[in-house]
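Asker: Here is how the chains run, residue by residue.
There are 2 protein chains.
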Amino acid sequence: MMKWWGWGSPDYEFRMDNKPHLWPWIAGTLRLEKVRMAKPVRREEIRLPPPIKNEAFLRAVSGSLKSEQWTSDEDQRLLHSYGKSYPDLFLVRQGRVRRAPDLVVYPERHSDVELIVREAHRHGVCLVPFGGGTNIVGGVNPSETSKMVVTLNMARMNRVLSLDHESNLAVIEAGALGPKLEKDLQAKGYSLGHFPDSFEVSSLGGWVATRSAGMQSDAYGKIEHMVVALKMVTPSGTISTRAIPASSAGPDINHVMIGSEGVLGVITECTMRVHPAPPVKDYRGILFPSFAKGLAAIHESVMSPEHPNLIRLQDEWETELAFNMKVPKTGFVGFIERQFKKILKARGYSRPAIMIAGIEGDAAHVKRMRSLTAKLWKKHGGFDLGTSVGATWAQDKYNLPYLRDYVMDRSCMVDVAETSTVWSNVLTLHKKVTEGMKARFASEGRPGFVGCHLSHTYKTGACLYFTYACEQEPGRELEQYYGFKRFITELFVKNGAALTHHHAVGTEHRPWMKEELSEAGLAALQALKTGLDPQGICNPGKLIPESDAFKGWVQEVGGNGAAPRAKETAGK
Amino acid sequence: MMKWWGWGSPDYEFRMDNKPHLWPWIAGTLRLEKVRMAKPVRREEIRLPPPIKNEAFLRAVSGSLKSEQWTSDEDQRLLHSYGKSYPDLFLVRQGRVRRAPDLVVYPERHSDVELIVREAHRHGVCLVPFGGGTNIVGGVNPSETSKMVVTLNMARMNRVLSLDHESNLAVIEAGALGPKLEKDLQAKGYSLGHFPDSFEVSSLGGWVATRSAGMQSDAYGKIEHMVVALKMVTPSGTISTRAIPASSAGPDINHVMIGSEGVLGVITECTMRVHPAPPVKDYRGILFPSFAKGLAAIHESVMSPEHPNLIRLQDEWETELAFNMKVPKTGFVGFIERQFKKILKARGYSRPAIMIAGIEGDAAHVKRMRSLTAKLWKKHGGFDLGTSVGATWAQDKYNLPYLRDYVMDRSCMVDVAETSTVWSNVLTLHKKVTEGMKARFASEGRPGFVGCHLSHTYKTGACLYFTYACEQEPGRELEQYYGFKRFITELFVKNGAALTHHHAVGTEHRPWMKEELSEAGLAALQALKTGLDPQGICNPGKLIPESDAFKGWVQEVGGNGAAPRAKETAGK
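Residue numbers (our numbering), protein chains in the order written: chain A, 4 to 575; chain B, 4 to 575.
Because the hints were derived from the structure by calculation, they are not lab data. Fair warning: there could be bad hints in the mix.
Since the list gives no way to pick one copy over another, a pair counts as held whenever it fits inside one copy or between any two copies.
Capping the alpha-carbon separation at 20 angstroms, the derived lysine to any residue pairs in SDA-like fashion look like this [unchecked claim]: (1) Lys-434 x Arg-96; (2) Lys-37 x Gly-478; (3) Lys-532 x Pro-238; (4) Lys-378 x Pro-292; (5) Lys-532 x Phe-444; (6) Lys-532 x Glu-522.
Computed from a predicted model, the values in this text were never measured in an experiment.
Build the full structure now, drawing on both the sequences and the hints.
Answerer: Right under this line is the structure:
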């Protein structure tokens, strides 16, 4: 399973030894005068309180589930206590766990989930669905303290149940993690084509429940565009939509389930649009004289009948970060650097922006698209860095979250925030957010980094994905974090940009849901909640705001001084 | 405005005088031994009962609306009493009107609608939103007989409010009819690209409320794929979503409003994805040796990276109908016939299937796509009939509904039913429905026609659109109609096909909503209704079934013998 103190597998850590420029560059950018080490506590220092037991519920389910399908083992409870947000990791690294689930259950089939939801509804037990556990908005953290909380780890429901080649359809269990799902489909010549940054450790059900976007969403759509039918177990019964290509039978009930983050029920089975696995791939790096020039090129590409599968344009600051991640003499940055120096000399580029463009398909399609896009990039001042840059990027593309652990070891705050906005606002928003964040770093007296990349495009606009970091404020780390979180989110919401493009709502984005959906839009969501989950047992505290939820959440985590360690608080 | 007794403008009737083969072919196919004429009653024979008046509501709105914004004129009430379904027209042609609205209001701005909905909610008045009035599933027919019913004719809210060229976005008022909306957009170089069969007389708000599909949905998506944001006035306030390209902030509230058929509120404003109007168009006819061969060609096209804007493949029976609609010596069928005779001779095609393929874009794109598709059609036995067939088709494409009036004048039942299914089921479904309907015609002793065309395609499947007709059963016309309606709908639903692909639910499809959405899926819809419209004033009786709604509806219309004329029943 995963690390309890950080991202991904315990077998993997971010390698800094082969990137001699990276830490000096980070330390310089954040002006860390002296690095304060802040390693996680030892596992043994974390003690969870004994679990709350609802005996009637346990009796009702224990007859039908095998004994290896549930556990209240402390390691398992700890791993299911939180997701992978910065405050999640900050707290657990200090040994502070607000609330652990009282039981972890591993359903093996749809009927197991039906049993659990039915009995939970009957006996007043709260349920939290759990896929890969990579949620960074508080979406899997148990919060209910007066009732038993059961986390449903969906990992054993991971099969591709059927594949209809002629119709490009696969029925897949919701617990399948990215690699297993792609491997099974690709063994039959197909691909789902959904590759979020968390791909290696996140699940199909999680993608659907959070309206995830993958790196190739430009070609295949966000996850909601790939869903054809779903099964979701709610306290009012199983919603099961039909595998039909299109319908006009009322509001699309799939879209009630997609993005529901467990608050309406547990997604068990997804009928997904798949496609034949593309035989040829061409990933390459293109260097633009500026982020603005790169954007102009991408906008023209989006407006034309065809567009690459993947486009990722880093702004000047993220490009600088990329350059400093170089492994000397080899691979990605070695090559960039040599080319880059030539360009700098010849053309006077001073603050370039790097783009990765990926094209997939049959040989003829890739060849034609390469030629079309080559002309387009060139027209906007793009310089082709070749496929080795693309290959290195593809190889490293899932590794960046591991860097966060390294940086957090050194007492730095680091977070990401993504949004989307219409084309006419992309550059304006980028400027407002970048300048706003820099001003805030300055006003707080802690120099910081803010960089951005465009990660997904649409005919109407694009996703901007910001990364920011600065040194932690000792003793006020959570207040500092929530200050920045609120600040950047309000920059988005007040400047015509989405509350979130693909990280979902959880607890972190609840305070803006009324602004995002309008009061009556939120009433629609609340009506669904009340109608389908009248007892409020489904992932309580997520997605749907209570009054002034943000304030509540900050108070709950208690800031730094106030919040005691887990062993003193969780449970009852 | 429109005909009260039939389709479209009173200035236009289907021309039969220049199509000498058509009526003899219809009469022969339906084996009409003697044509019974059944012309509509004279307008003067229809008398509506006096309207129900809710004085408190009238007082509340009359101060803020201009006097020319409402009417209880009998002609207007009559025109807003029904849509354009076969039973709608059958009844009104006999002068039977079940229920007319008590008042027709013409809102001119969003705030007018807010006022009306608020006061209707306060005073217990029912509301029916009305766009072009072309609904064929009972969606605009008032049904509540104990309360005042107000129909909101949205025609005056028809402006393009803004256009963001860079972002391909237009904000358009919901009452805009197709021609006005396209004219306004095209004046600025843009197009929405939504062309349903009812285009000339239906509205944007109606399209969104019914999840409409246009002829070019293969290129631009169904209407739900073009919606970026909406404003909808509900009794719980105005839901207003934001114009952002993509989001993961919970379930997509746009999809609560899309397809809501007025039962949750009144859509007033739509932010739509538009595109630059394509400069070059190539529409042509292709003749395939059979429907199956044409399907194989289309499937291969759908699987490739690019696909035409429009594909419409008629099966062998609809192709025969098309051939018999010929205007001798000129245009569409004249040309087809000459080519067709050559082919028949040379290749022994006996029961061909005609396809219309439309490609739009800039010259280079159209040229390339023409060449790509030409090879593809040929590979599957397609014979290119050239662009004159396409041009004639494009010219006549909105005229077919007028033929229904002509046929109904001659005591024939004629109806359409559309569905969608996955590719692996398309041919099977086509066979089951065609054979099933023929067997039913035979068992009832009235020879009938059933034909089909594939009208929209997806990566996962396609829409099949059936047309069927036979002589009316004298004195039992409505029982006959509902017998066929139930029969063909159950063929769809029980054989893996959608309840409806783009005609929506209204009253006609309510009986199958539980089967379509599952019981818990329907509970989700009911939860939205209860939450947003707690008094049930919004288009009551539509979309959401009561128990055994179908039976109820048949009983309500009363069959033939039972139902008295309008003047004796409507109102109270």
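Asker: Could you place Lys-378 and Pro-292 in one of the four classes (within, between, both, neither) given a Cα distance threshold of 20 angstroms?
Answerer: within (16 angstroms within a copy, 42 angstroms between copies)
Asker: Between copies, within a copy, both or neither: which fits Lys-532 and Pro-238 at Cα up to 20 angstroms?
Answerer: Result: close both inside a copy and across copies, 10 angstroms intra and 19 angstroms inter.
Asker: Given identical chains, is Lys-532 near Phe-444, meaning Cα to Cα at most 20 angstroms, within a copy, between copies, both, or neither?
Answerer: This pair counts as neither: shortest intra-copy Cα distance 40 angstroms, inter-copy 47 angstroms.
Asker: My question is about Lys-532 and Glu-522: at a cut-off of 20 angstroms on alpha-carbon distance, are they close within one copy, between copies, both, or neither?
Answerer: Intra 15 angstroms, inter 16 angstroms, cutoff 20 angstroms: intra and inter.
Asker: Are the CA atoms of Lys-434 and Arg-96 at most 20 angstroms apart within a copy, between copies, both, or neither?
Answerer: neither (34 angstroms within a copy, 64 angstroms between copies)
Asker: Give the relationship of Lys-37 and Gly-478 under a CA distance limit of 20 angstroms: within one copy only, between copies only, both, or neither.
Answerer: Classified as within: same-chain Cα gap 17 angstroms, cross-chain 95 angstroms, threshold 20 angstroms.
Violated hints, listed in ascending order, are 1 and 5; each of the other numbered hints is respected by the structure.
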